[in-house]
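Protein sequence lines, in the order shown, are assigned to chains A and B. Counting from 1, one number per residue, gives the positions in the first sequence under our numbering. Counting from 408, one number per residue, gives the positions in the second sequence under our numbering.
A hint or two may mislead.
Said to hold, decoys possible - Covered stretches of chain B (in silico footprint by chain A; criterion: 3 or more residues with CB under 8 Å from a CB of chain A, positions within the stretch not fixed):
id, segment
1, 416-429
2, 470-484
Stated by the list, open to error - Sample of chain A residues at the chain B side, in silico, Cβ under 10 Å:
id, residue
3, Leu42
4, Leu132
5, Phe261
6, Ser289
7, Ala342
8, Val343
9, Ser344
10, Leu360
11, Ala361
12, Gly406
Bear in mind the hints are in silico, worked out from the structure with no lab data behind them. The beta-carbon is built from N, C-alpha and C at its ideal position, and this holds for glycine as well.
If you want the building blocks of each chain, they are given just below.
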Amino acid sequence: MGHYGRVVARDLSTGTDGAATVSGARSSAPAGYLDAASTAPLHPAARDALLAALDQGWADPSRRYHQARRSRILLDAARETVAGVLGARPDEVSFTASGTQAVGLGLGGLVRGRARAGDRVLSSAVEHSAVLHAATAAAGPRAATVGVDATGRIDVDAAAAALAEPGVALLALQSANHEVGTRQPVDLVAALAREHGVPLLVDAAQSVGREDLPRDWSVLAASAHKWGGPAGVGVLAVRTGVRWRSDAPEGAQEHGRVPGFVDVPAVVAAAAALEAVERDRLVESARLSALVDRLRSRVPELVPDTVVLGDPVERLPHLVTFSFLYVDGETLLADLDAAGFAVSSGSSCVSDSLQPSHVLAAMGALTHGNLRVSLPNGAATADVDRLIDVLPGVVARVRGMLGTQGL
Amino acid sequence: MSHGPTLPPHDRVLDERGRLCPLPVIALARATVDDPAARLLLLADDPAAASDVPAWCGLRGRVLAWVGDAPDGRGRAYLVVPAA
């Protein structure tokens, strides 16, 4: 157990009536919930820590009385835990109100810090919409994307060419793609960016708690609800020495990087979840990756005209995406929901905008009949096997409604 | 032919405007089965068609030979032809 675990366990065990079991709680996923990439169920360790920290960590951690010191101890311990997982120093790590806010502040701070170097903001074309929106908000028409191959991996030659142009403020590259799971060559691209003196922003939202994280970045952003923490906690890490300038008012919280009062209980819960998830990570990720391999091999055998998307090897351990030819994604999700499965889709008929996923479009992939399966920690093997059993019939039914036999 | 001079030669027009994915691609597939040699001009305003028509061509061994605006400016036109 790390330093944070000791502090919280001691504080929580003395401060609440019920025994707060911060360690030892294992996550078990709700039956049929296969949409962890949207949000993970709250980890039991996070729930315990949250309830205890609501009592222990409510005071303003910047004040000088004993309640404040207790909040400060909890917050510092949480920061140390998260920093350890990210491979960062605690003073490099700030907590935000969401992953989206972390991305926005991280990207905006780099743009301001690089004002004299340039104003062009580069992103891979398959970044999360939070990154693309932040890039457009910060750089307007000077925001540009770098293309990807058919698996969703950034075109490294195109990235090198774009970095060599004058006036680049930063490059944003995710650790791994949230829709198809493909890992990005972050270390390679980071080395290219360094050659040109361009800072790299890494959105690690899908990777934290799931796999080894890239270490070579200027700014990193993540989101606690993706790893089993509560919603409302993002992580912004800024490497020491990086030219990053806040637009927060003087006296802002979290090393001057984030406006607003930090939610100490939620942050404590997020750190407790991360600590618990990290403890089991190697074993659990290997188990989930084997289940993903099973889906990747069995589904196209059982369902004709299935396209399996993303890199088969260089991928997130817990995520796989299919496109089923001639299938309406909305009906597919409804049928799977009726069969007890919570899954998601990048098909346009499922989006509010009626636009297909920009990720699938950038890959040149079939966008209709799209199905993303992302396994929460603790996902039952039986759920995956039942999905494999159910999918052929569901897809055949949807295709039958559209009369696509023989096409 | 009633279309403007910018359209390439084609045998049949499939007007799938107003219909959403996967219907335009299904219409394309059906017309291809009816006449595998036909040069098909698909009109579609579903934004997914921009991705799905070339993806379908790849899956079924057809060639997306030309893409442009639909003749009256409503949606896009996709010319799909047999592989050479």
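message: So, against the hints stated earlier in the document, which numbers end up violated here?
response: Hints 2, 3, 4, 5, 6, 7, 8, 9 not satisfied by this model.
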